[in-house]
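J.: Each chain, letter by letter, is given below.
Protein chains: 2
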Amino acid sequence: MLNKITISEVGPRDGLQNCRGVMPTDMKARWITALYEAGVREIEVGSFVPPKLFPQLADTAEMVAHAKTLPGLRVLALVPNLRGAQAAIAAGVDAMGFPLSVSETHSKKNLRQTHDQAVQNVRQIAALIATQPKDQRPSFEGALSTAFGCSIEGVISEETVLRLAERLIEAGVDELGLSDTVGYANPVQVKRLIRRTREVAGADKVKSVHLHNSYGQGLANAFAAWEEGIETFDSSLGGLGGCPSSPGASGNIVTEDLVQMFHAMGVETGINMNKLIACRRFLEEGLPGEPLYGFTPNAGIPKHMVA
Amino acid sequence: MLNKITISEVGPRDGLQNCRGVMPTDMKARWITALYEAGVREIEVGSFVPPKLFPQLADTAEMVAHAKTLPGLRVLALVPNLRGAQAAIAAGVDAMGFPLSVSETHSKKNLRQTHDQAVQNVRQIAALIATQPKDQRPSFEGALSTAFGCSIEGVISEETVLRLAERLIEAGVDELGLSDTVGYANPVQVKRLIRRTREVAGADKVKSVHLHNSYGQGLANAFAAWEEGIETFDSSLGGLGGCPSSPGASGNIVTEDLVQMFHAMGVETGINMNKLIACRRFLEEGLPGEPLYGFTPNAGIPKHMVA
Chain A
1 MLNKITISEV GPRDGLQNCR GVMPTDMKAR WITALYEAGV REIEVGSFVP PKLFPQLADT
61 AEMVAHAKTL PGLRVLALVP NLRGAQAAIA AGVDAMGFPL SVSETHSKKN LRQTHDQAVQ
121 NVRQIAALIA TQPKDQRPSF EGALSTAFGC SIEGVISEET VLRLAERLIE AGVDELGLSD
181 TVGYANPVQV KRLIRRTREV AGADKVKSVH LHNSYGQGLA NAFAAWEEGI ETFDSSLGGL
241 GGCPSSPGAS GNIVTEDLVQ MFHAMGVETG INMNKLIACR RFLEEGLPGE PLYGFTPNAG
301 IPKHMVA
Chain B
1 MLNKITISEV GPRDGLQNCR GVMPTDMKAR WITALYEAGV REIEVGSFVP PKLFPQLADT
61 AEMVAHAKTL PGLRVLALVP NLRGAQAAIA AGVDAMGFPL SVSETHSKKN LRQTHDQAVQ
121 NVRQIAALIA TQPKDQRPSF EGALSTAFGC SIEGVISEET VLRLAERLIE AGVDELGLSD
181 TVGYANPVQV KRLIRRTREV AGADKVKSVH LHNSYGQGLA NAFAAWEEGI ETFDSSLGGL
241 GGCPSSPGAS GNIVTEDLVQ MFHAMGVETG INMNKLIACR RFLEEGLPGE PLYGFTPNAG
301 IPKHMVA
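Protein chains in written order, with full-length UniProt numbering: chain A, 1 to 307; chain B, 1 to 307.
One chain only, chain A, in its complex shape (with noise of 0.2 Å):
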């Protein structure tokens, strides 16, 4: 368990490429330098997907470039592709990540690939990256979706998330990260699945969750994860986020709440909860309408908590 953990903001990426509206590139810039004047670590920006599909997403180049302005920020984007990958690198991310969905029929749905598919895409992808200057290299991360069950699928075999973990250390990602897509994650669940992927791909490599909140679970699986020795915690701001291909799928678990919980059982993250709540009117004004989550915003920081 660490006393320290890094939260890895997804909302710009996962929060609004799940959101009816576009939040204007201007605002979106604005908004990542606000969550890192919170003292966000680390973002992910963006996505490099078609345009076309996702229009909300279509500034992921720009926001790469303004997000690297900040010293000292970790900026991510997702990759689907190899054309992605390009595009990624090409933009300066300092990490990409590649979801893979454990639930074969999500990954058809989501990306339009099956496993060999990914796989192989995963492969280009690393010899991309292996082709680059040694000190320019992008981290990359595989991110196993649906790893805990599917709104499809159902249930998810454990057996199929270990073989898919393995694939993707052997065709050269340097990190996986679990996924709970659709939220149908336990906490015992995340202790155990996080314990058999770290005995397949090593404890070195498995560093990060991914949690949605659909059943009120999100804190309970963090909390679970933090107490296996998890590192980096995804999570959006209000909670934004879902999963298009996931029907009954709801938001990330909240950055306000899940920084609330570490400040209060003592774990740093480096963030001022009274900034990131701050950030919220970037969603009001950006994002008119859409639903905001989180307790924290609501409740105020506790009394004996205001610093």
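Mixed in with the good hints, there may be bad ones.
Unchecked claim - Here's a subset of chain B near chain A, in silico, CB distances under 8 Å, partners left out: (1) Ala65; (2) Gly149; (3) Val155; (4) Ser157; (5) Val188; (6) Gly216; (7) Phe223; (8) Ala264; (9) Met265; (10) Thr296; (11) Pro297; (12) Lys303; (13) His304.
Stated by the list, open to error - So these bits of chain B aren't anywhere near chain A, every CB distance computed over 12 Å: (14) Thr6; (15) Arg30; (16) Thr114; (17) Lys134; (18) Arg195; (19) Gly270.
Everything labelled a hint here was simulated from the structure, so no lab data went into it. Treat the numbers as computed from the prediction; the structure is a model and nothing was measured. From the three backbone atoms N, C-alpha and C, an ideal C-beta is built for every residue, glycine too.
Given chain A, put chain B in place with the hints provided.
T.: Quick look at chain B alone, frame taken from chain A:
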């Protein structure tokens, strides 16, 4: 960690106590019956407090009488003093709880009792119970309210919790419960305080927790308590509740979400989720305009978990 736990539904007491509306007596009785039919086997049906102060709970004796007609249901009521305990015994409760606020400021505001007065009341109630025939004696639980923090006093010293735990045991309670009256608890604290309280009071004396969800950490805290071997979890349907003497406190943890988490973890509760969710109609009809919480009723039972 137990593979079977008890859900203690506190909606008819902690929930209604904090609602502006007054649920009609016959509807309350039908709600209790519906909870029972959904599989709930422990219900706090009311509080023996002055009806002038709490008109919502004025029919507590009737509720006890009704609930006692349901075979195998454990019927609880809250008592703030000897007079309440006399009424509880007359009504025929299976167990009564005395809420001792570790925050003395809160104790004075909530019960108009200092710690010394509260302990004296507990002693008198224990003596009264001892005069009952052995096979008819209700169980007597001391609830350590605001044990994890107080929205008036702020931080609550764990040493004070432990000292009061000892005093309650010495004054004659059968069991102790740890209550997060305002929702300030975090899972690390929950684990630590359960362990420490057991050290001073005996492991067999600390079996239950009462959690609120003001910061969305309620299920994380419940999971932490379950990991420590806690058997009984208070919660309320729709997350009804709060505390009139605690500014900022929001509702109890949501029974529906708590049950969903335990079932997902493979822990038995004896409760049928569809029937439980159907009980919400009593709240919708009987408490119009009252906000209801809960993720599971909106997300729907995951398809792989539908019985």
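J.: If a hint holds in the structure, say so; if it does not, say that too.
T.: For each hint, the structure was consulted:
1. Ala65: Because about 35 Å separates B:Ala65 from the closest Cβ in chain A, which is outside the 8 Å limit, the hint is violated.
2. Gly149: Since the shortest Cβ distance to chain A is 7 Å, the answer is holds.
3. Val155: holds, 5 Å
4. Ser157: violated, 12 Å
5. Val188: holds, 4 Å
6. Gly216: holds, 4 Å
7. Phe223: Cβ of B:Phe223 sits 4 Å from chain A, so the hint holds.
8. Ala264: For B:Ala264, the interface hint holds, since the closest Cβ of chain A sits about 4 Å away, which is under 8 Å.
9. Met265: Given a least distance of 4 Å, the restraint on B:Met265 holds.
10. Thr296: At about 6 Å, which falls below the 8 Å cut-off, the nearest Cβ of chain A leaves the hint on B:Thr296 intact, so it holds.
11. Pro297: violated, 10 Å
12. Lys303: holds, 5 Å
13. His304: Hint holds; B:His304 Cβ to chain A Cβ min 4 Å, cut 8 Å.
14. Thr6: holds, 19 Å
15. Arg30: holds, 27 Å
16. Thr114: Given a closest Cβ separation of 23 Å, the condition holds.
17. Lys134: The assertion about B:Lys134 holds, with a minimum of 41 Å to chain A.
18. Arg195: For B:Arg195, whose nearest Cβ neighbour in chain A is about 15 Å away, the distance exceeds 12 Å, so it holds.
19. Gly270: Non-interface label stands for B:Gly270: nearest chain A Cβ at 18 Å, farther than 12 Å.
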